[in-house]
Structures are given as C-alpha cells and as structure tokens.
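Engineer: Generate coordinates for the entire structure from the input sequences, incorporating the hints supplied.
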Amino acid sequence: MTNTILADIYRGYIACLNSQDWPRLGQFVAQDVHYNGERIGLSGYRSMLEEDFRAIPDLHFDIELLVSEPPRIASRLQFNCTPKGMLFGLAVNGRRVSFSENVFYQFTGERIAAVWSVIDKAAIAAQLTLK
1 MTNTILADIY RGYIACLNSQ DWPRLGQFVA QDVHYNGERI GLSGYRSMLE
51 EDFRAIPDLH FDIELLVSEP PRIASRLQFN CTPKGMLFGL AVNGRRVSFS
101 ENVFYQFTGE RIAAVWSVID KAAIAAQLTL K
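With the UniProt record's numbering applied, the sequence shown has no gaps in its numbers, which climb one by one up to 131 at the end.
Hints in this document: simulated from the structure, not taken from any laboratory.
Computed from a predicted model, the values in this text were never measured in an experiment.
By construction, the Cβ of each residue, glycine as well, lies at the ideal position given by its N, Cα and C atoms.
Among these hints, one or two may not hold up.
Stated by the list, open to error - Quick list of the computed label-pair ranges, beta carbon to beta carbon: (1) Thr129 to Met1: 43 to 53 Å; (2) Ile5 to Gly94: 37 to 47 Å; (3) Ala15 to Met48: 15 to 25 Å.
Structural biologist: Dropping the structure here:
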C-alpha cells in the first residue's frame, strides 16, 4: 500500500466519524481493534465514539497534520467544540474549548488495528481558568 492510498483511507475514516456514519465504521476499523493497548473491539470503539458525540454534540475532527508511512498513520487532530458537561474530568459545561489530539494508527490491510491517543487536557484546563 502506498503512502497516498493509506492517507486517503484515513481521510475516509475521518469523514465517516464526522458524519457519524456508524454502519460504515467497520469499513475502516478492524473487528479486534486495540485502543491505547486495550482490546476493545469494533463495538467498543463505536460505543466510545458515540459517547464522545453525546458529550460533545458539535464534535468535529479536523486533521491538522498527517504523516502516512504504511502500515502506520500519525495525525494531529484539532478540535474546537462545546462539550455539554464534563470532559476528561474537567467541568467544561457548555463553554467552547480548543484542544488537540496526537494519535497513531496501526493498519492491517485497509483497517485500523490499533490506536494510540494522547489528548492535550492541559490546554482545556488552561482555557477554563481564563473564563
């Protein structure tokens, strides 16, 4: 698989998330996907994403940086959103916040088999102390 093809697959995955097209999620994510070292499977991964959208109704994944080196993707995602209540243990309660996520994906074929994610919680906390 080429860098370009894998990057296109990843962009399709992000479009799937942004449209909340959950029936298509299995096109991009493996049945036995691991998240931060834990096997959660496709159903657990989908549940996690659905919960994210319940907590953050205006959630939108924006790719800020994308590096494709098959079978891996490294991405920096940017978020500018309004969580309803608690977010990562912080009382956001409807305030608009911006933060980033640095995430790495391991693909098996055309599907995501493993995800490692680090979210910049400190950026959220700093914004809440300013408001």
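Engineer: Check each numbered hint against the structure and report the violated ones by number, ascending.
Structural biologist: none
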